[in-house]
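Visitor: Protein chains in written order, with our numbering: chain A, 1 to 331; chain B, 1001 to 1534.
Warning: the hint list may mix true and false statements.
Claimed, not checked - Calculated cross-link-like contacts (lysine-lysine; reagent style DSS-like; alpha-carbon spacing at most 27 Å):
| hint | chain 1 | residue 1 | chain 2 | residue 2 |
| --- | --- | --- | --- | --- |
| 1 | B | K1054 | B | K1069 |
| 2 | A | K56 | B | K1069 |
| 3 | B | K1032 | B | K1053 |
| 4 | B | K1246 | A | K306 |
| 5 | B | K1032 | A | K80 |
| 6 | A | K306 | B | K1054 |
These are calculated hints, taken from the structure and not from any lab test.
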Amino acid sequence: MISLWFSIIVVVILILIPTIGSSSAALQSLFGIVIPYAAIITFLAGFVYRVLNWAKSPVPFRITTTCGQQKSLPWIKNSKLEAPHNAWGVVRRMALEIFFFRSLFRNTKVELRDGPRLVYGSSKWLWAAGLAFHYSFLVIFIRHFKYFVEPIPGWVSLVQSLDAFFQIGLPVIFLTDAVILASVGYLFFRRLCDDKIRYISHAADYFPLLLILSIATTGILMRYFFKVDIVNVKQLGTGLLSFNPHLPQGIGPLFYVHLFLVCTLIAYFPFSKLMHLGGVFLSPTRNLANNNRMKRHQNVWNFPVKMHTYDEYEEEFHKVMKAADIPLDKE
Amino acid sequence: MAEFKLKPEELGRINYQPPRKGWMDPHVDIRKGTYCYGAVPETLRYLDLPFPKKWQPNDADWQLPPNWKEIIFEGMRQRLNKFRSFKIFMDVCVRCGACADKCHYFIGSGDPKNMPVLRAELLRSVYRRDFTLAGKLMGKMIGARELNEEVLREWFYYFYQCTECRRCSVFCPYGIDTAEITMMGRELLNLLGLSIEWICTPLSNCFRTGNHLGIQPHGFKDSIEFAVDELAELTGIQVNVPINEKGHDILFVTPSADYFGSPHYFTLLGYFSLFHEIGLNYTMSSYASDGGNFGLFHSHEMMKRLNSKIYLEAERLGVKWILGGECGHMWRVLHQYMDTMNGPADFLQVPKSPMTGTVFENAASTKMVHITEFTADLIKHNKLKLDPSRNNHWRATFHDSCNPARAMGLIEEPRYVIRNVMNHFYEMPENTIKEQTFCCGSGSGLGTDENMEMRLRGGLPRANAVKHMKETKDVNLLLCICAIDKATLPPLLEYWVPGVEVAGVHELVGNALVMKGEKVRDTDLRGQPLQGKE
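Bound-form chain B, shown alone (with noise of 0.2 Å):
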């Protein structure tokens, strides 16, 4: 944060005009603090991935093998033969534009190549050329290109332009999805060894040792007893977290951040009273400890490697079902491709909360729930003891993440929770929300130091509503059920809106939740002082 010297007015003068020269002739300028660094070799190494380098995007020999356009060629023709929405994406657009102004990163850079329609047109020009009989007739007059190393370069550069939010997609006629079509771009780049250090390193890491972060076992133990101290101090509460215990009902899965991260751990002390609270038999594991998968962010195959420890450990341990934590794109995973990627979870029952008696039928196949249907159906049923007023020193609105709204529908959950444990909340405008929520910027993959610019340009549009809400309601809190969003929210706020923090909404929780044998509650879990206990 501290390098970047352009100031918000600055940054904020966008010019959606676009250049007068077409964009057929391939041309990228790889700038700094608009990328992300390349993967180092060791980790692709260690994955089995091909061409290990050691390279960086904007350097000029970019270490292509002889035979890289068969490579690409090679990749795409398997991959439309493999994914129907890759083929249908590639022929039915007919570049309406009604996607161009959705996009967040177009909004914040009015970079043309940034909007959805010429981002997909980047590979769709390819395509054209070697894939279809017009494409090979009439070449440039449809959009048709040839593929050449530049065209590798605006790949590169534009598909880590893209969090795979999928806002435009809610929005095209044709249901085209831009995240579909990064993620095919970003499967064939990797074919040459092309991807990004953010990615590869947690992938890696997660491989290894269970989570993103490469934290090894005794220190995952080490930090949950930390937070199991911290939150003895805070609330006079002793609780017991098991780790890699066989026997237990339920196995808890939550993104990494939430244990090493920061606003995030204080959603972990969240999750650790409200279990506590209602007697879960649980347990947490050490080698599935991150329900995070940069996988979708890498390829399909990655995504699977990472995401099978889940139902693994799952087995393993004997539980019936499986909770997972507040995360975007982690739930993207668990919604829409684990059960078919490390199906059929036959061995788990369908989730019954051991409190309610409730059956979480939507869960029915695989048998994972999210921590937000969990709690949300434990106020329901009265079986917490809330005491909103504990955040009385918060005024706060919701940010959907894109995920859970665009791949799940988990709108109403988080909000009805919210809404029990909080006096003070307020929805951002209409446009901004729920399925046309805004991207944090800085999703699947992007969120790096050295592509500040870039996220910043990104979140423009989010902070700018929560901005709206600060000017008109006083809002000093952005909600949020994701683990990217509570690490790059921060930094975005901080330079577009200062005096907004970001929580999750099991902090609140949390906060509200009174626990039995408590001691008197004068501070929150940030050790901040309640309302009328400065």
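Pulled out of the complex, with its shape left as it was, chain A reads as follows (with noise of 0.2 Å):
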């Protein structure tokens, strides 16, 4: 539970410094230009970095996990999504992955009764909070754009206007908020309630859920209660944009830790478990066919070993085999 603690701690430690540090007029320029340009500094060098450090080990062996029928006679239809066996099958195999969270949607969950009796129940929860969770995520980072360019794209419209569908409440509520509040809310909490899950937790799981809650809490206040001027903010994103950052007067704290808090996750995220959005592109078990005994897999560090030779063999076993009759290279 410490972990726990130690999580929320930061995170309202991050939630004060630019509280505090905001009011003073000197330090704005600080939170709203110097520590975002930093942010994304970090997060794409940062990135960048990470996935060049995982491309330079090789992939020595095609170590597929393989999830349905593999080609082989005519005869028998092949899982071409589950067990591919050519770079096409793959790619379809990783977009289902990457989109829909294919592996996660066959979760079950076992229960023993007595007997023992073991049962498996279908489980699709976590599936559900975790596709519900990174899509309107997804969905508020391009809403968000329209603080960056002018004029807003036509499609970055057509995205907030879907998100606001229902047209409930003024402002009008967009789904996503909701959404996002839901999920990662059911994330955090099972997390908390499932003793497996608690056991197995670091502050490096709690953390950025904490840290996104704050995030998606403060935008919503902002949206919807504590009204910020918008001019303004746009007039600071425009600017960080194109390189020439202007700070506007008068935006309040609020928005202040919302920037800092976003700051925070994107400079944090390419130290972190986050990183697996970069990671599931190169799994070896999941981008790689099922081919192997169709095209050989070259190992860059493929090496010479200690062999017990044939000739080896036949000259230790060399009596006992003449007295089998067993045929010999050497009479």
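Put the two chains together into one complex, using the hints given.
Guide: Below is the structure:
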């Protein structure tokens, strides 16, 4: 539980820093300009470094995990998605994994009853919450483009209007605001309430959830309750993106809290488990075709090993082989 | 088996509640019945492996060299640079817990460190502290731990409580494969001479004699001839099994247990009947007298050293292609490693069935065909005369072995064969077969008597599904295509679900195969009376 409290304290501190700091006009440029740039640079450099570092290690063997029928005899239907035998199949398998969390969709829950008797039930909540969280995050990310570019691209407006489809409330409530709170909340409470998951959780697991929850909450507060001056925010955003930063006055501390938390998330990203975003593409059990016996896979560091040759074998066992009438190379 | 006292009801009371105290302070209780004996020094010496010593895992003193930590760190560094899998799997886990209850050892023991995620964290915690910036800065808060002897003990205990079955990797959203992590963990332990007897003795046997049992060439020939005689008695047909003969088309390689173990042996009789009946032009080899490869459970290097014999022998004997018998881990090595490690096999030809003309394009590079692929093709082309009623005394279900299912995708071939050679075949529940199949609980070199409690625990999910089939479909036979299964499922079933036998698929092929000139068949290959002939 220490790791949970640790994460909570860190997030509270991260909220307090800009709350106090941004009241000073001198520090506003730090929070509004310097830190966002620094965060983005850290993210880009860190992300690229991590991916290159992974890519630097070769893939010596083709260790696909097959989750379906291989391609073998022509009359046996092979599973092109679960055991793909070519690149196109792999692309589709990866797409299912990345866009729909295919593997997580398989999730089951085992239950032990008297007997003993094991029962397997379907368990899709983790999959549903995971998917809901990632997609609402994506939509919210896209919606925020409007703060960085003028004119707002049509597709951004389209995403936004779809997100506000139900036209409830004023300002109109975005579906994703509700979904992200619910899904991240579920993921967080699941971690706390499921004994097994709590047992395996580190601060590194609680912290990103709390951070994202805080980001979403501050964003929602600004939109629905404590309005900030959108025009000023957009000035800051477009300035940052065009490398011509300009700090408008009177944006208010809530905005700086939101921005600072986002910067923390961005900068923290490459050093954390959030790098699964990059890693999922490189996972050798998923991104390789199950064509091992069709096409030879090269290992760049394939090395000679000490073998026991047939000649050595025959020499050692020559007498008994001869007596047993087993054919020999050397009589 | 005799010394195992706990009743199934007692062993089946499993507590899944993790302890209140976290796992970061290393602690492990190396308990009798749940670990395998340490490797004996002679075997390590024979194989030129480091730090041979007389040693047992529950010893207080593990006789580690003074610089053991440096050896481990250097070993980790090398492997991180050589295996992208290892690096990625150390970095991307989000601890979502989807894998937790997918492991047969966790289901059977409730030990939280048997959750695949935590098994990997045992290694990751050390990786974080010594190989990542965040771990150096944040330490325990993000799950980074210092390497010490107790951590090393945890590694040993839990990396030898993983059968490398890869069931968890099916469910992991990032495809993290615990088998890969266990393989790395075991390789690191090997650097300090910490391995188990049941792996290293077969390794040194196999390196010397060509098979894990250490059977010398004349002994090999004897057991084959014995089987040939037995088959003559059962069927009235004298088959011929060439050994080490040049000039044949096909090299047949099968796990050594097939000619020395039971019920494997009846599968061997099945192969021989089949090969005779179709007039296959093949030879076996005493030098490559084991397709099984315990190197997979030890290190990539040992895997390569043992596997090298198959291609070397195929080349020496001048065959066209290679046919492989029923075995699980053997087929992982053949399918995923052999060609890369010891190929290219450009001295061989793309396998072509001499009976049907089918070209096995799926083996175009490796040039090795699985026996169920071969037999399924024969049956499909009506090349076999089969009498499925000769298996009417069996009501069977099929256990997918881990490696053929999750490392090859060999799922329908054995089923096609089974459906054609018998009348009473029933599938186990969906969550326990095909890619979701459960391990026998004794794979990856853990099938020792001293490890019986853990084996029975790990085998519970498999046995439980079989029990369900016995209760609902009156099943009395569990079919499989793996030598380790055939050795370890019988005691498992005897414990959890008595009354169900174990057999290889080709045993039933042998039963059903109507051979030209055979005598009136009153018994199956086991010598048991056929239905209606009791």
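Visitor: Hints first: check each against the structure and report whether it holds.
Guide: Hints, verified against the model:
For the suggested pair B/K1054 and B/K1069, the alpha carbons sit about 21 Å apart, so the restraint of at most 27 Å is met. For the proposed pair A/K56 and B/K1069, the alpha carbon gap of about 25 Å is at most 27 Å, so the pair holds. The hinted pair formed by B/K1032 and B/K1053 meets the criterion: a straight-line CA distance of about 21 Å does not exceed 27 Å. About 26 Å separates the Cα atoms of B/K1246 and A/K306, which keeps this hinted pair within 27 Å; it holds.
Straight-line distance between C-alpha atoms of B/K1032 and A/K80 comes to about 46 Å, which puts the hinted pair past the 27 Å bound. Note on A/K306 and B/K1054: the hinted pairing holds, with a Cα-Cα distance of about 25 Å set against a maximum of 27 Å.
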